[in-house]
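> Given the coordinates of chain R, assemble chain A onto it according to the supplied hints.
Protein chains: 2
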Amino acid sequence: MKAVVFLADGFEECEALITVDILRRAGVETVMASVMDRRQVESSRNIKVIADAMASDVDFDSADLIVLPGGRLGTENMAKSSIVAEKCREFAQAGGKYLAAICAAPSLPASMGLLEGKKATCHPDFEGHMAGAALTGTGVAVDGNIITGQGLGATFDFAFQLVSMLVSEECAEQIKKAICYKK
Amino acid sequence: MKAVVFLADGFEECEALITVDILRRAGVETVMASVMDRRQVESSRNIKVIADAMASDVDFDSADLIVLPGGRLGTENMAKSSIVAEKCREFAQAGGKYLAAICAAPSLPASMGLLEGKKATCHPDFEGHMAGAALTGTGVAVDGNIITGQGLGATFDFAFQLVSMLVSEECAEQIKKAICYKK
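Chains R and A, in that order, are what the protein sequence lines are.
Position 10 of the first sequence, counted from 1, bears residue number 38 in the working numbering, the numbering being contiguous throughout.
Position 32 of the second sequence, counted from 1, bears residue number 60 in the working numbering, the numbering being contiguous throughout.
In short, the hints are calculated from the structure, not lab data.
Worth double-checking, as some hints may not be accurate.
You can't tell identical chains apart in this list, so a pair holds if it fits in one copy or across any two.
Claimed, not checked - Derived DSS-like pairs: lysine-lysine, alpha-carbon spacing no greater than 25 angstroms straight-line: (1) Lys147 - Lys211; (2) Lys205 - Lys125; (3) Lys147 - Lys76; (4) Lys205 - Lys147; (5) Lys30 - Lys125.
Bound-form chain R, shown alone (with noise of 0.2 angstroms):
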């Protein structure tokens, strides 16, 4: 399995890097793709970090998953990348793959009329900017290939969530119990 999550400047770090640390602890292949026209970014509170790779030399035709952190300005900023856009369409729609996008990051697939109809959720500030989603004010929504996170607090389950739909229940359970994660 692979997944590909997407770094803009201004990316909540932690929506980001959690995700990627367990999906890696769980085996999935994990790109982390920068939308900027350089691989260091610069997160919301300050952290630089240094992407994988720049997002237009990703394969994204052998990934299964395709990860969209937040933050207010990280979410701009992807909203400007013709690839996110892209991606986001073919991701939403094609059979077999999945899209997943947190806190402020699900108003961007929203904008664009992808979750028109879903149940979603997404961090309370861009409830607004949600078009015709079914909002259901949870930590974490699934519908279908679409998955959703309310925001940072709630970024371990958004990334269980994805584990058990890309690998099992049980990896996701064995790693909860790695990290003594109790809740």
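Here is chain A on its own, set in the frame of chain R:
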């Protein structure tokens, strides 16, 4: 308030970065200090992060808190740093300063005798390396000015404990709400 978070190759990236994120949200000046011979460090899950400073350049006199993130290799690398050892001893013993460690990292101050007779927690794999500590087996443990955490899955609670002690419980509660953290 000022905190210094030590970074070394092999650190559990989100044990460090969740803590940095939450401390910064709380208005605590937070410096990520590399104990390697360069500012770019690589985490246990191969995430490259650029530290704010070299540990040798940090003004610890103005710091209120030092944080030791876990990761087996990260802890081994911190153990090679004379600055980390010196500051562990100083912060554990000085009035009005705080020492915090999570996952594998509490074994480091323990190996120096600093947790002797103190309530503490750590990752289950490191409970045999906690010389003289009164192990609580809980997600977070506090004994005076020493705060310990069990593992990656307890990092939010660990970080909120630090905010409660350095800033206020009210501030910690506000951040929990802002990031949709429910527990």
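> With reference to the structure, classify each hint as holding or not holding.
Each hint, compared with the structure:
1. In this homomeric assembly, lysine 147 and lysine 211 come within 25 angstroms of each other (Cα to Cα) both inside a single copy, at 23 angstroms, and across copies, at 23 angstroms.
2. Taking the shortest Cα distances, lysine 205 and lysine 125 never come within 25 angstroms of each other, neither inside one copy (28 angstroms) nor across copies (32 angstroms).
3. Taking the shortest alpha-carbon separations for lysine 147 and lysine 76, neither the intra-copy value of 34 angstroms nor the inter-copy value of 35 angstroms comes in at or below 25 angstroms.
4. In this homomeric assembly, lysine 205 and lysine 147 come within 25 angstroms of each other (Cα to Cα) only across copies, at 22 angstroms, whereas the closest approach inside a single copy is 29 angstroms.
5. Proximity of lysine 30 and lysine 125 under a CA criterion of 25 angstroms is satisfied intra-copy only: 10 angstroms inside one chain copy versus 45 angstroms between copies.
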